[in-house]
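Chemist: Hints are included, so try docking the two chains, each in its own frame, into the full complex.
Listed here are the chains, written in short residue letters.
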Amino acid sequence: MERSRREFLKIAGVSAAIGLGTGPVIEAVAAATGHQAAPEAQVAHHPEALKATRWGMVVDTRKIESAEQIERMVEACHKEHNVPMLEEARHQIKWIWETHFHNAFPSQSTDRISEHLEHTLLPVMCNHCENPPCVRACPTKATFKRESDGIVMMDFHRCIGCRFCMAACPYGSRSFNFRDPRPFIAETNKAYPTRMKGVVEKCNFCVERLAVGKLPACVEVSEGILTFGDLNDPDSEVSQLLKENYAIRRKTNLGTGPSVYYIV
Amino acid sequence: MLELALKGTKKYWGLLVVLGGIAGVAFLTYLYQLQFGLGITGLSRDVSWGFYIAQFTFLVGVAAGGVMVVLPYYLHDYKAFGRITIMGEFLAVAALVMCLLFIMVDLGQPMRMLNVIFYPTPNSMLFYDMIVLNGYLFLNIVVGWNVLEAERNGTHYQSWLKPLIYLSIPWAISIHTVTAYLYCGLPGRGFWLTAILAPRFLASAFAAGPALLILLCLIVRRFTQFDPGREQIQSLAKIVTYAIIANVFFFLCEVFVAGYSQIPEHTDHLKYLFFGLHGKGVLVPYMWTSMGLMFGAIILLVIPATRRHEGVLAVSCVMVFIGAWIDKGLGLISGGFVPNPLHEVNEYMPTGAEVMITLGVWAVGFIVLTILYKIAVSVKEENAGVLRTRVVEE
Ligand code: SF4
Ligand code: SF4
Ligand code: SF4
Chain A
1 MERSRREFLK IAGVSAAIGL GTGPVIEAVA AATGHQAAPE AQVAHHPEAL
51 KATRWGMVVD TRKIESAEQI ERMVEACHKE HNVPMLEEAR HQIKWIWETH
101 FHNAFPSQST DRISEHLEHT LLPVMCNHCE NPPCVRACPT KATFKRESDG
151 IVMMDFHRCI GCRFCMAACP YGSRSFNFRD PRPFIAETNK AYPTRMKGVV
201 EKCNFCVERL AVGKLPACVE VSEGILTFGD LNDPDSEVSQ LLKENYAIRR
251 KTNLGTGPSV YYIV
Chain B
1001 MLELALKGTK KYWGLLVVLG GIAGVAFLTY LYQLQFGLGI TGLSRDVSWG
1051 FYIAQFTFLV GVAAGGVMVV LPYYLHDYKA FGRITIMGEF LAVAALVMCL
1101 LFIMVDLGQP MRMLNVIFYP TPNSMLFYDM IVLNGYLFLN IVVGWNVLEA
1151 ERNGTHYQSW LKPLIYLSIP WAISIHTVTA YLYCGLPGRG FWLTAILAPR
1201 FLASAFAAGP ALLILLCLIV RRFTQFDPGR EQIQSLAKIV TYAIIANVFF
1251 FLCEVFVAGY SQIPEHTDHL KYLFFGLHGK GVLVPYMWTS MGLMFGAIIL
1301 LVIPATRRHE GVLAVSCVMV FIGAWIDKGL GLISGGFVPN PLHEVNEYMP
1351 TGAEVMITLG VWAVGFIVLT ILYKIAVSVK EENAGVLRTR VVEE
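Quick note, the sequences are listed as chains A and B, same order. So the first sequence is numbered by our numbering: it starts at 1 and just counts up by one. So the second sequence is numbered by our numbering: it starts at 1001 and just counts up by one.
Incorrect hints may have been included.
What the hints assert, rightly or not - Covered by chain B, per the in silico footprint, the following chain A stretches (three or more residues, Cβ under 8 Å): (1) 78-92; (2) 137-143; (3) 152-160; (4) 171-177; (5) 197-211; (6) 246-258.
FYI, nobody ran anything at the bench for these hints, they're computed from the structure. Given the structure is predicted, the values throughout are model-derived calculations rather than measurements. Glycine included, each C-beta is placed from N, C-alpha and C at the ideal position.
With the rest of the complex left out, here is chain B (with noise of 0.2 Å):
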C-alpha cells in the first residue's frame, strides 16, 4: 500500500514540502540544542520540564482519544465507524511519534536513552511509561495497517487480529493514564498530587483527540473524494461535547478542593495560574483564555443547532482543541513547579529555540499523518471507485 503515499496531487507534495521545511529549520535548532545543551529552553533548575513535556503530555491525550472511534465501532457494533476508524488509528500513531520524539528533545543525554531499557527499573512510572506507549504504537500500526489493507482487497481482516483489537482499547487507557502518574505520583508536587488527574487527563483527551479528528474529517472531505459521513462527525461531535464536560467538572472539582479546604500548597498553584503569585503570572491571560474557550465551546456544542450546523461545529472543536492545549500544554506542567518547593515563584517561558523545536516536531508528526492519511483515502476512494463502475456495469 505505500506506492499510494507517492502517487499524489501537486497540493499533497506542497504540503509535505512545507512541513519538511518547518521540520529541516527545526533540526538544524536542535542540533544547536544538542551542542549547547538545554539551556537554550526557558527551563530551570525550578522549572525543569515545560514545553516538550507538556505537548508530550498533550499529545498522549489525542493518542488516547483515536479510541474514541475504535470503542464503539468494536464494542458496540456502531456501524457508522467502520469508515473512520482507520482515522483514529493513524491520528493515534501520529501522535504517538510525535510523543515519543518530545520526549526525546527533552533529554539531556539522548544518546543514553537505551539505558532505560538495560537498566529496567520497575518502580519508575517512566519505565511503565515507555513500554505503554511503544505497546501502543505498535499496536496502532499493526491493526491499522492490516485492517486497511484487508480493506483494499476487500476481505476481511484477519481473525489473528482481533485480539489485539480488543487489547488496543483498554490500552489506550492504560497510556494516559500512566502518563497522569508520572505526575500525580510525587510527594510535594500539591498541584499534581490528586487523584482526578488520571480523569481528568482522560477527559481532556477523549475532547481534544475527537474534536481534532471532526476537524481532520472536514478537511479530508473538502479535499479528496472520501467522505467520512455526516453521521460520523455527528457522532464525534457528542462524544467531543460530553468529554469536555467532564474535563470542566473534573476542573472544577479540583478547584473546590482546593479552595474550600484553603491549604496552601494546593491553592498556591492555582491562584499563580489564574490570578498571578508575588506579582507574577506570565501564564495568567493564557489561562482564562482556555477557561473562555472551553466553555464557549461546550455552549456551542451542548446547544444541538449549533452542534449540527458543521461550520460551527469545526469552530467549537477548534475552540476545544485550543482550549485543552492550553491547560495541559501551558498551565498543567509549570503550574505545577510554580511555586518551587521552597515557595519561590520562579516563572518559565519557552524561547524561541524551544517553540522552533516544538514546532518541528508537530511537522513531524503531521507528515506522518499526512502521509497515512493519504493511503487510508486512497484506499477508500479506490474502494468506492470500484462501487462505482460495478453500479454503473450493473
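Next up, chain A with everything else stripped away, as it sits in the complex (with noise of 0.2 Å):
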C-alpha cells in the first residue's frame, strides 16, 4: 500500500504541473488510505502553497547578535515537527542547533576569524544538498531527494533504521530515534506526525508548511538572519542576497552542493 501511495503520489504531482485539477481527488484517496496528507499531496491542491524549483536558505551571519536568536529558531522549529527534549545526550534529536564558525566549517576556520564570527554561534541544519550522500547510501529510498524543488525528504513509514545516512551525511544533520520519543513531547502539534522509535529524522525545509503557503518556523522567527528562497529564480531574494554579498557553505570541497549558505 505504501508503495502505490508513494506512485500515486509522483502521478498525482505530475498531472497538478501539467495543470490538471486533481486536487479533490488526491484529498479523497489520501483519506481513505488512512495516511496523512502528504507534503506532495497537498503541494498538488493547495492554492497557496509555495513553489521553487530548488528551495535555499542563506543565512545572514552579520544580523546574528545573541544565541537567543538561534535558540528562538530551534524552539520553533523544534515545537512545530515534535521534535523531542531529551535529557540523555546520546539520545537527543536536533533539527536544527546552534555551534561555532569552527565546528560548522572546520576545514574554513582560520585562527583570525573576524571577532564577530568568534563570538557568534551560528544555525546549522540539513543543508538539501544538490548531490545529497545521504539519498545514495539509503538501501530503500526512504531518504530521497524531491525533484521538483530539491528538498532531501524522508519517509518515516519506510525507514528501517539502518543509520547509513547518517555515517553518509557529512554535516552530522541526522538524528535517531533511540527511544520512543512521544513522551518527551511537551506539546504535539496535530498539523505534524510523531516519530516512532528506531527512525532517523532531520530538517524537511518545512515542506509542509511550504505545502499550505507559510515560510519555515524557523525562518519567521528569525528577524531577518534567515532567508528563504527560490536559488534558481534569479529575482528571488534569496539570489539577490547572494548577488550583493558574499557567502560561503558548508564543506564544499565534498561535492554536496549544499543549498544553505553563509553571508559572513
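Modeler: If you want it as C-alpha cells, here you go:
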C-alpha cells in the first residue's frame, strides 16, 4: 500500500504540474488510505502553496547578535515538528541547532577569524544537498530528494533504521530515535506526525508549511537572519542576497552542493 | 546427514546447552532492546554505528577467510586441504549467520527489514551487501553440504557443484570488498575514505579467518577422532603469517599518508585512536594492545621454530584473532565517527546490554558451528572407521 501511495502521489504531482485539477481526488484517496496527506499531495492542491525549483536558505551571520535568537529558531522548529526534548545527551534529536564557526566550518576556520564570527553561534541544519550522500546511501529510498524543488525528504514509515544515511551525511544533520520520542514532546502539534522509535529524522525545510503557503518556522522567527527562497529564480530574495554578498557553504570540497548559504 | 548432529557425547551436548543459555539470556536482552529501542546501547547521534556493526564487519572477514582453504585446494590442486575445505566452508556459514544477525539487531525497525527487497535501491551499497552476503551463505551451504554428503557416500560430488565452487572463490573476495565499500565511499569520513580499506579488510580477513580455523583444527583434533593434519595446519599458519603482515603493512601505509600529509581530516582519527583527542581517548589502550598483539604475532609466526611448534602457534593465532578483532571490531568503526563531522569528540563505548546481545549472537554462531562441525567430523570419523575396518579385513 505504501508503494501505491507513493506512486499515486508522484502521478498526482505530475498531473497537477500539467494543470489537471486533481485536488479533490487526491484528498479523497489520501483519506481513504488512512495516511496523513503527504506533502506532495498538498502541493498538488493547496492554492497558496509556495513553489520553487530549488529551495535554499541564506543565513546572514552579520545579523546574529545573541544566542537567544538562534534558540528561538530551534524552539520554533522543534515545536512545529514534534521534536522531543531528551535529557540523555546520547539520545538527543536535533533538526537545527547552534554551533561555533569552527565546528560548522572545520576546514575553513582560521586562527584569525573576525571577532564577530568568533563570538557568535551559527544555526546549522540539513543542507538539502544538491547531490546528497544520504540519499545515495539509503537502501530503501526512505530518504529521497524531491526533484521538483530539491528538498531532501524522509518517509518515516519506510525507514528501517539502518543509519547508513547518518554515516553518509558529512554534516551530522541527522538524528536517530533511540527510544520512543512521544513521551518527551511537551505539546504535540497535530499538524505534523510524531515519529516512532527506530527511525531517522532531520530538517525537512518545512515541506508541510510550504505546502500551505507558509515559510519555514525558523525563518519566521529569525528576525531577518534567515532568508528562504528559490535559488534558481534570479529575482528571489535569496538570489539577490547572494549576488550582493559573499557567502560560503559547508564543506563544498565534498561535492555535495549544500543549499544553505552563510553570509560572513 | 542431519541425524549425525543428534548423536553426540556429553561434552557436545554440554557445550550446546551452555551456548544455548547465553543465547537465551541475550534473546531476552534483545526483547528489551526491541521494546525500548537502540537507546539501551552506547550509540549516539555522533557515533551511530557501534559494536554490532563492527562485529558484523569483522565476521564478514572471518567468513571470507574460509576461502583460504577452498582456493588452494580447488584452484591449485593442493590436495592436503581437501581434508579441511569443509571446515572452511562451515566456518563461513556460521560467520555469515552471525553477520546477518548482527545487521538485524542493529536495525531500528527490524520488522521492516524486507523494505530493502521491496524497494531495491541499486545506488546503496547495502543493497549489494545484502546480495553478496546471502549469496555467499547459500553457496557455502550448498557446496559444503553436498561435498560432505558425497564424501560420506564414498562418491565424487555432483558435477554441477563445480561451477558453484569456482564461483564461491571470487564471491568470498566480493563479500569483504562490498563491506569495505559501505564505509570507504562516504564523503566526509576521512578515516574510511581510502582506497586501501578494501585490501586492508581482505588482509585482516585472511589472517583472522585462517587463524580461527587453525584453532578450530586443534580443538577438533583434541576432542574427536578426526585429525585435520599437521601439514594442513602448517600451511594455514603460513597463510596467516603473510596475511597479518600484509594487514599491518597496509595499516602503516595509512599511517604514513595521514602522518606525512598532515591533513587534519585524516590524522585526527588516528590521533584519537592512538593518543586521544581533546583529552578523550577510551580506545587508546585497546589500540596499542591490538598493535602489540599483531606485531608480537608476526614475530612468532615468522620465526620457523615458533611457527612449527603447535602450542606457540595456537598462542600466535589467538593473538592474531584478538588483535584483528580489536582493530576492526572496536577501532575501525568508532574511529571513523570520532571526531564527528563538526569536529567534536563524543566517544562511544558499548553498554552491558549491548555486550550481552553481542555475546548472544556469537553464541548462536557457535551453536551453528558446533553442529555443523559435529556433522562434518562424524562423517570423517565414519570414513576413517570404514577405512580401518577395510585395512583389517585385508
Ligand atoms: S545535509 Fe546531510 S542529511 Fe541533509 S541532504 Fe546533505 S547529506 Fe543529506
Ligand atoms: S536509517 Fe532509514 S533513512 Fe537512513 S539509510 Fe536507513 S532506511 Fe534510509
Ligand atoms: S527549515 Fe523547517 S525543518 Fe528546517 S530547521 Fe527550519 S524550521 Fe526546522
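Chemist: Decide, hint by hint, whether the structure agrees.
Modeler: Comparing the hints with the structure gives:
no.: 1; hint: 78-92; in the structure: holds (count 5)
no.: 2; hint: 137-143; in the structure: holds (count 6)
no.: 3; hint: 152-160; in the structure: holds (count 3)
no.: 4; hint: 171-177; in the structure: holds (count 6)
no.: 5; hint: 197-211; in the structure: holds (count 4)
no.: 6; hint: 246-258; in the structure: holds (count 4)
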